[in-house]
Amino acid sequence: MDRRDFLKTAAMTAILPSSTAVLASNQPSRSVRPGSELKIAMTLSDIPLTTGQSTQGAEGQRFIAMTIYDALFRWDLSQTDKPAELVPSLAESYSVDKETRTVWTLNLRKGVKFHDGSEFNADAVLWNFDKLVKKDAPQFDQNQANQAASRLVGVVSYKKLDDYTVEVRTAEPDSMFFYRVSAVYFSSPAHWKALGGSWAAFAKTPSGTGPFKLESFVPRSRANLVRNAEYWDKQRVPRVEKLTLFAMPDPSTRVAALLSGQVNWVEALPPDAIPRLKRSGINIFSKVYPHVWPYWLSYAEGSPFLDIRVRKAANLAIDRDGMSKLLGGYAKPAKGMVDTSSPWFGKPTFDIVFDPAAARKLLTEAGYGPGKPCKITLLTSQAGSGQMQPLAMNEFVQANLNKVGFDVTIEVVDWEALRARRSEGAGAKSNRSVFGLNNSWSIQDPDFGMLSVTWSKRIVPKGNNWGLYQDEIADKLCEAAVNAFTPEDRDRTLSDLHAYIVSQAMWIWVVHDTNPRALAANVKNFDPPQNWYVDLTQIEVG
Amino acid sequence: MAGFIAYRLLYVLPISIGVSLICFALTYMAPGDPASSIIPDDASPEVAAQIRAAYGFDRPLPIQYLLWLWRVLSGDFGVSLSTGRPVTDEVIPAMMNTLSLAGGGALLAAFVGITLGTLAAYRNGRLSDRAISAVGIAGMSVPQYWLAMVMVAIFAVELGVLPASGMGQPGDDFGRTLSFYVLPILTLATVPAGIIARSVRSTVSETLQQEFVQALEAKGLPAWRIFLHVAKNAAGPALAVIGLQFANLLGGSILVETVFSWPGTGFLLNAAIFMRDLPVMQATVLLLAMFFIVANLLVDILQMLFDPRVKSARRG
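Those protein sequence lines, which keep their order, are chains A and B. Under this note's numbering, think of the first position of the first sequence as 2, with each following residue one higher. Under this note's numbering, think of the first position of the second sequence as 1092, with each following residue one higher.
Everything labelled a hint here was simulated from the structure, so no lab data went into it. Incorrect hints may appear among the rest.
Ranges of calculated distance between the beta carbons of each label pair, as one might list FRET restraints [to be verified]:
(1) B:A1121 <-> A:E216: 33 to 39 Å
(2) B:A1222 <-> A:E242: 51 to 57 Å
(3) A:E396 <-> B:Y1102: 47 to 53 Å
(4) B:A1145 <-> A:V157: 21 to 27 Å
(5) A:K160 <-> B:I1154: 37 to 43 Å
(6) B:A1097 <-> A:K430: 52 to 58 Å
From the three backbone atoms N, C-alpha and C, an ideal C-beta is built for every residue, glycine too.
Chain A extracted, bound-state conformation:
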């Protein structure tokens, strides 16, 4: 492919969906039912940071960042039959220089306004990048930098080419910049200046370009948002007048709030409450999304998982259908890092099924057997983001593994301690006796989800490769993935990488969460996307 073809492919990929949005923006605004209010019970215990880069993980982004703000690219959450893909948002299109592969040209959408009426343009992009990484900039905000400075790691410079074009240079060819920058949200520079340059004041009356405006919020209680009728993407002007977010960390409280009519949408349902909700006419929605509940394996000296036969035996020993049943059917057996429906699944040579006989045989071949069990300690947390029901699930896995010849000890710590142990790596003194880490993982962004845990360049602390996994073939496949700048190349290289690590049984993969949500009968037009996020603009409340 020559330079012209390359640029054409990259740019057209971005332009096509955006053209739809531009055409759509000329259509009249949609009607909305007067008084309609979507009332969501979040699992969060507080309202996330409202200045742009939200706090509190994916849920913070789902309900605050993605409602009040926009990014350059967004997940297309209208495609629900396959994993969502990134499409242009505030950037109409982009191109990457074919020679260097380090120069990104971002063409910004024209006519977009912040909630305060000021214009979104190249100056706003540079100002927002500075707020995250330029410590001597007046608008630098440590709170937002905590959330997203890592999204601009590898960026060596950025500049304005004209009012609607920005050039970004990366230190090395890095196709994954596309994914990382999609989580950088844009706050209004004019509004910040009008408030005297105070992020604290901005947090109370924020201004983004998003489909909802924040009207008010009460910490630890609720956030009141209203529809942005002037939203630039007329296809995504909200169909409800109000969106109210409630902080309700206790699952039984969320269920009671739904049953009593206090809210009409509940996140992260406890499976045992679902039959009761169904009897009350509540609709339950669930679908697999890029989440996996695995055990990260240790490749440190002395780990039995250095032997591929032991890794395969552990994968074959687990009754994933039984695990799904334990979770009320709200989990899908995993056959790898991503679900089989993902374009990144590939064609692994190792099929992850429940076959205890084969598992016993592999363990025997590896030198274990009756009287000589394979002793391992697995580390988990008592709760935590995406951990589902870790204690019951770990006990289930422990019983399964013990049946084929393992001798499993489960060590339980709190969620932040687990994250800390993960950041120390399998070789650290604290993890010396731990050979498996039960830490649920997001594979939405392939750089974070796959490359950062697989590539030897990303062994902790340079990435999330906790287990010290080092494999020449995997490294080459990771290298190929960051040099793949078209969607087709990206999918191909990522599926090659995924097929390889599954064939190598790099981890023990157990289930994918299907994230059950409950919606009152009068909440319409929701089809869960295969993504960590949802598009609240399409929801109707009758």
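Since the structure of chain A is already known, use the hints to place chain B on it.
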């Protein structure tokens, strides 16, 4: 009296420093990186180090403590790691919310406990005494988390007469606002009501056995006047128990506030612990400890006002 208050206030200083030291140190005793909750999973070592430095987590612990103490003395508790908002903006409204709940709970518990305890003491040994004592023990023993969920299931879900959680929002009318208080206050008051009832029963019973009561009866005083004498004598110990229960309600409402999503200090502390939000944990624990100290001081003063024997004992 003024001398006693000044004397007690002097005590507050070393206690406060001790409390501040303990609550600062305890939050650091948990394993792991104190900044782990704000360092993103995909942060490079450089970004992680920059974040640690920005919050001062890279400094020696004694320096961190002294800097924190200095800021606290000037009313600055820092910034919440999980929300990015000033800790003062988080803790002060939470404290007010908890005070209103604990105040309501304490008043209800005191009313029910004193009434039941006095009735039981006057009906000493009879069936009604045993029935009231059984109710008191049940109140003391009931798990608040369970009771909260049962009350929500009955009054919010099945009957639909009260809201399940939250505390409404600005603009709600008085009746609507009050409705949010009913279930949390009922739940919160159950245990202290049982404790107060048991304590009042015991104190009033003892007082009724004393010779001065028999003397008053022999003098032919009407029952209600004798009751006033008994009440005055029993008030001191009862006040001590009520004061302690109020202080317990301030700090011990984590479960109730979590079940009802009540945005008070218990809810805040619970979230801060799970998110390892050290500045919020430190500020909340310190303020609760201060309230506990002040509540104890107020109880002592009230006891002195009601019971001259306490005053003379303090002097002596």
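Discussion item. I'd like to know which numbered hints this structure contradicts. Please list them from smallest to largest.
Written reply: none
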